[in-house]
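S.K.: Kindly generate the complete structure, drawing on both the sequences and the hints.
The chain contents come next:
Number of protein chains: 2
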Amino acid sequence: MRIGFRTAAVVVVSSAVATTLFFGSLENGNAQTRARYLPEYTADGQLLLPKDWHHWVYLGSPLTPNALNDGHANFPEFHNVYIEPESYEIYQKTGEFPEGTIFFKELQLTLPQQNPDGSRTEPSGRGYFPGPFNGADVTVKDSKRFAETNGWGYFNFNHHEPKAPMAKVKAKGECAYCHIASAKKDEVWTQFYPLLDK
Amino acid sequence: MRIGFRTAAVVVVSSAVATTLFFGSLENGNAQTRARYLPEYTADGQLLLPKDWHHWVYLGSPLTPNALNDGHANFPEFHNVYIEPESYEIYQKTGEFPEGTIFFKELQLTLPQQNPDGSRTEPSGRGYFPGPFNGADVTVKDSKRFAETNGWGYFNFNHHEPKAPMAKVKAKGECAYCHIASAKKDEVWTQFYPLLDK
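Protein sequences appear in the order of chains H and L.
Quick note: the first sequence uses numbering that gives the first Met the number 0, first residue 0, plus one each step.
Quick note: the second sequence uses numbering that gives the first Met the number 0, first residue 0, plus one each step.
None of these hints come from the bench; they were simulated from the model.
Please note that a few of the clues may not be correct.
Which copy? The list can't say, so a pair holds if one copy fits it or any two copies do.
To be verified - Derived EDC-like pairs (lysine to aspartate or glutamate); straight-line CA-CA distance at most 20 Å:
| no. | residue 1 | residue 2 |
| --- | --- | --- |
| 1 | Lys171 | Glu95 |
| 2 | Lys184 | Glu147 |
| 3 | Lys167 | Asp43 |
| 4 | Lys50 | Glu85 |
| 5 | Lys162 | Asp196 |
| 6 | Lys92 | Asp51 |
| 7 | Lys197 | Asp51 |
| 8 | Lys184 | Asp116 |
| 9 | Lys184 | Asp196 |
Bear in mind the structure is a predicted one, so any value in this text is a computation, not a measurement.
M.R.: Structure (structure tokens):
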């Protein structure tokens, strides 16, 4: 009986210690660390659609309206870009994107246009207003797996809904070349995202 | 000694149980619940700038470029809107915004224009690209405190940086009237945010 208690105590203590690794504080407003979400692949190397990106850290929304791009933007139309939060935490400390970093770009159409430039007027003014989601693109950092494209893999999960459940990596000429040529830091467009460009 | 063990076991078990209230799972990608962030006020009723909104749930970015609004948009220019995550969790279950819900609208200027409509061209196309942050507006649901404005309080934390550390509630004629007149649900512009308009 006494041994039983002792064993139980040890087990529970271990669990409590493990938990504190993930928790900073539960007080109002303090950030809490949680398990890092890492990329998941099928047996043949396709990337699974990442989970739970609406709870990731939002970085910014470049907007390329179809109406300003001959009716067919390459990425229609809002590009809502997120980073996996624990990778972001590491980036804040080190200034480098760690292996396994995932960026999620959810595309979103604008509400129907009232003007030739694609804009419309709402009570807040004339501009562009978010409409239906429209697929996603994802990049993953893995220096070994994606050595051919300088350490990042590029994936398209459709430019329409529903998003594909998995995606094959894109060839260098389809995505990576442009990131390599023009993105400010480590193939990431940090020039558009103040949180990454301090 | 035996009592000491028993006591220790009870304390640790309590701690472990408390923790599970906040944790669903630590497995890869599973959402974990955390403490709700509620509005904080000064003694004279000003709202403190909410903490940690970059870790909240992002909802969407209406964009009203200055160039399309006579050079001076009412809300310049991207309106990056977030909801406090635990309030969102409750909304998903109940379909109603609970008391204490906070919406955070961080304003963000566009990068310098190359065309009269405010747009510029980047490798992804012609459009609008996020630049410096530009202040914030916040709304808080509290049916008693803000009874005069139908249960929501409206606060401006500057339309420039740095954001104000605290803000007085706005009169009905400054913000609430427009939300009451045109926002789709409970003074919230759910028509622009698919996550709230399912």
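S.K.: So which hints don't hold here, by number, going up?
M.R.: 1, 8
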